[in-house]
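A.B. asks: One letter stands for each residue in the lines below.
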Amino acid sequence: MKSITLFSLLAFSALFLNSCNDEDPIVEIKTSGVYITSDGNFTDQNGDVDFFNLETAVMTKGYYSTVNGRYPGSIVNSLVFRDSNCFISINGKNIVEVVNASNFITKKQLEVNFPYGITDGGNKIWVISVKDVVEGSIPAEIYGINPNSLTITDTIKAGGIPNYMVYHNGKLYIANGSWGKDQSITIADVETKQTETIANLPDAPTNLVIDINNHIWVLCAGKADYTNWPNTTYTPSHLIRINGSTKQVDKTFEIGSTSDSFSPLNICLSADKRTLYYAEADGVYKMGIDDSSAPSSPFIAKENVSGLSVSPSNGDVYVLQNTGYTTAGTLTIYQSSGVEKGSYPTGIAPNGVFFR
Amino acid sequence: MKTFFSFIAGIALAGSVPAYSQSTQPEISIHLSEVSVSRQRVQFFGDDKKVDLPDSLQLLNMQSANLGQLLTVSSPVYIRNYGGAGSLSSISFRGTGSNHTAINWNGFQLNSTTSGDFDLSQLPVDAFESVAVVYGASASLYGSGTFGGAIDLANKPDWNNRILVKIGSEYGSFESYHNSLKLKVGTSKVQYQLSLFNQHAKNNFTFTDKLIFGSPKRTMEHNRFENTGLIQALNIKLPKRNRIDAGLWLQYKEKELPRPMGVQTPGTENQTDSTLKAYINWNKLFDNSSLLIKTAYLGDYLHYTDKLTPDVNTLSVDSRIQSKRYLTEGNYRYYWLHHITFDVGYIFTHTLAEAKSYNKAETENWLAITQAVKLEYNRLTTTLSAREDFITGIKTKPQFSGGFSYKLIPEQLLVRGSISTRFRKPTFNERFWVPGGNPDLKSENGWGVDVGLEHTWQLGRQSELLSSVSSYSNRINDWIVWIPTNPAYAANYKQVWARGIEASTKWILQFSKGYIKPWVMYSYTLSTSIQTEDDNQNLLGKQLRYIPKHTGNAGISMLTGRFDITLNGNFVGQTYSTDDESGIPLNSWFVTNVYAGYTQPVGKFVLRFNVRIQNLTDHQYQVIQAYAVPGRAIFAGINLFFKK
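Chains as they are written, first to last, in my numbering: chain A, 1 to 356; chain B, 1001 to 1644.
Please note that the accuracy of each hint is not assured.
[Claimed, not checked] Below 27 Å or equal to it, Euclidean Cα-Cα: the simulated DSS-like pairs (lysine-lysine) are:
(1) B:K1542 with A:K302
(2) A:K157 with B:K1307
(3) B:K1604 with B:K1549
(4) B:K1277 with B:K1253
(5) A:K131 with A:K157
(6) A:K181 with A:K157
(7) A:K247 with A:K302
(8) B:K1307 with A:K107
(9) A:K181 with B:K1360
(10) B:K1307 with A:K223
[Said to hold, decoys possible] Away from chain B, derived, C-beta distances all over 10 Å, residues of chain A:
(11) D44
(12) G92
(13) D132
(14) N146
(15) V249
(16) S293
(17) N304
[As the list claims (entries may be wrong)] Output of the computed footprint for chain A on chain B, the stretches with three or more beta carbons under 8 Å from beta carbons of chain A:
(18) 1200-1214
(19) 1261-1269
(20) 1537-1547
(21) 1580-1592
The set of hints was computed from the structure by calculation and includes no laboratory data.
Glycine is no exception: its CB is placed at the ideal position from the N, C-alpha and C atoms.
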């Protein structure tokens, strides 16, 4: 009797364990690596988040959609990790989605109007909420999300149509000039909510970074004048430095070509914050923060660069390329010397690279 | 009244035999028949093309539906619909794009000059007497934009009619209703017809939103649809074999544009489409020839608006696009020796288009010179046609077409084949939109081959089996794509090869009080990019987005006495929302529909009651990624006929 009972128990246990194994999720638990966000096609709502495993150099394209069985939406433009959560800005669905950081399964969705540029700042997660995506006539707002309660608890006013912002030493630095509708940046204290505007910058301040000396480097994309189309004219693109102490523009570099239609949107810094990387029509440019002039030729020659980042660990340069709104994009990884290491497919119209 | 009742029943019965027969008896005699003259050039010289006609019972059952819905259940063409009545419905014909099928009304092309496509949801079925699906229509006959084919809509006079009045009303799911009035009155010399229609739907159907966490059930909002219009036609036979045909079409459509799935913020986009189309034709019959002069005005106006939030009055986007086309066409046809017909003609179109996103009002002048010859001898019919186009700012090449049909076994087996060149000139948006329009765009161009067999098997005096199989191959070069630079711009980007097979079979068994007709249709389509300007390897050999490889349609109709019922199922295979077959595919789907009707004479009138159930099993599926379509929908209607 005892042996039969024991045998039954063992058999049942084996059955149960086997069942558990059959039901175990197949998806690998991700804890570190590179996450790539993509716009997708706006009407198809098929943006996504891909995951690149740094150890195996394997790209899991459509990581979010594979795990959750659906696309997150369109214009998935940024994400940030905090504790056990990942916060994803999904502009096409007017939400910030919170997923489990270890398996990317959805936990919660927060309604945010036209969200962009999510970042971790102090004790909040901050996200841009654009109010007038066409003309920027209504100032955007920056919402603070409590990372524990997962609710919006703070609001800060910004400028016209910001897409990118940076958190540094208790302040948010917001570039307001997407689509050429604003010529300012906003600096906001996350505790006091006080804001300071630096205006009258070159056309379309779109993105910015803070260097090792706390100076603000702003990428001004330039603006198009279609009055005499097809003979369209463009104001030049600029890279400017705003002195972190005086808040005055003390360096101005004209970059790119005034005859091209390319609007540079991507800028980043090396891990030591002494080298700038920015994308122009013909590729990725590299420039030291103390250089007296902008480089005349690209460090990496490539067209249609839609996203750019530098690995904080080894200095590899990650370059995204948009090949169309109905086809997969491309991630190409280069050594810090500029030698290509590998190329991988991404979601449609990739736009951001995030390291964890 | 028995006669009139027979007329209504006869609509269904007669419609079981194709009236647009490929094996048309030669209509040429020394004194030309009215029938041959009334055939448009595209039809007269298009006998080498496969043509499908929804039968009259299908037209009767679907009279309150739109053309897109009719074609979905009556042909293997693929209709892409954004969900609900009045939502944008575009056609994908033989693996081509939505601007690669010419939609024609009484010989005039309706496709938008600004976008190139046509919204089939605007067209109520009961406004037309004839709907013909023309596979592989050639550019030499139809002009621009026929890589897939053509849809010919016609209002035809019935010279035997004295008076016909039809009043119809249908009410159904999602707060939809459709009211119509049809009047036909005339003599053997003059015929006038008027078709009035009004449609409304709230489209508040329930769906499972799979793009929201938890896949909740939701009710569609901001999806209202209104459509009102009238179509008139006047046909007059004058002395000395002259004839005047005139038509007028007025229509106004309003549509709230819903959000895609996953987006929970209220919708704010709206669009109105209005149109005024008018034509007048003069036709003169001689002993051995005919002369046709046509003039037309085709005006379209689109107004799209958006707001930042539903509760504000200020518009964030206020886009108005207007186009006006003035057209004149002349055509001389000469019939020689009973067997050979020559045709020569011209088409001149002056187009004016205005849009906020154009820097200025744009105009275009377009002259086409056409020639065609048809030989009919014994069982063989061959056609050759050519066309040269001269278009402001666009270089074009001459277009040619050659084809044949041959009765291998008269009344039983027909073989046909054709080869033709085709082109699609760039639209005004592709050329002039600011930013991104490219005035230097080349026309899309290519050629196609089409072969087919049609077999009729008489199984007895009351039964026949009609089968057909076709194979085609189309090359489309310089396919125009919007390149995703910043800003995007239009460019001739890729070469596409579309090819496939279509097969259908239909069995008609007639009995004393009616008939039974089961049918099945299937098409296999491969439409792949074979070359791109930037040699994008990811695209090569991949099926184009939203083009299924497999589509099919099957059903059975039965008419007995006063009662008729049709059960029909529609199958569409898997598709992708990408051009490189990446990402999550849209699952294949199968939807069944039921149509039933009962006809009852009442004094001098005939009443017809009908019910249609669409998506009988309430299947949830997507045609376009992220756009929900309605589940089960039930519609009930009544029509009152009077005929003398």
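A.B. asks: Given the hinted pair K181 (chain A) and K157 (chain A), is their Cα-Cα distance within 27 Å?
C.D. replies: OK: K181 (chain A) and K157 (chain A) at ~16 Å, within 27 Å.
A.B. asks: Between the alpha carbons of K181 (chain A) and K1360 (chain B), is the straight-line distance 27 Å or under?
C.D. replies: holds (23 Å)
A.B. asks: Looking at N304 (chain A) again, its CB stays over 10 Å from all of chain B?
C.D. replies: violated (6 Å)
A.B. asks: When you look at the beta carbon of D132 (chain A), is every beta carbon of chain B farther off than 10 Å?
C.D. replies: violated (6 Å)
A.B. asks: Please work out if K247 (chain A) and K302 (chain A) have their alpha carbons no farther apart than 27 Å.
C.D. replies: violated (34 Å)
A.B. asks: Given the proposed pairing of K1542 (chain B) with K302 (chain A), does the C-alpha separation stay at or below 27 Å?
C.D. replies: holds (25 Å)
A.B. asks: Are there three or more residues in the segment 1580-1592 of chain B whose C-beta lies closer than 8 Å to some C-beta of chain A?
C.D. replies: holds (count 4)
A.B. asks: If I take the minimum Cβ distance from N146 (chain A) to any residue of chain B, is it greater than 10 Å?
C.D. replies: holds (20 Å)
A.B. asks: When you look at the beta carbon of S293 (chain A), is every beta carbon of chain B farther off than 10 Å?
C.D. replies: holds (25 Å)
A.B. asks: Within the segment 1537-1547 of chain B, is the number of residues with a Cβ closer than 8 Å to a Cβ of chain A three or more?
C.D. replies: holds (count 3)
A.B. asks: Taking C-beta pairs only, is G92 (chain A) more than 10 Å away from all of chain B?
C.D. replies: violated (7 Å)
A.B. asks: If you draw a straight line from the CA of K157 (chain A) to the CA of K1307 (chain B), is it 27 Å or shorter?
C.D. replies: Answer holds: K157 (chain A) to K1307 (chain B) is near 21 Å, not above 27 Å.
In this structure, the earlier hints numbered 3, 7, 8, 11, 12, 13 and 17 are contradicted, and the remaining ones agree with it.
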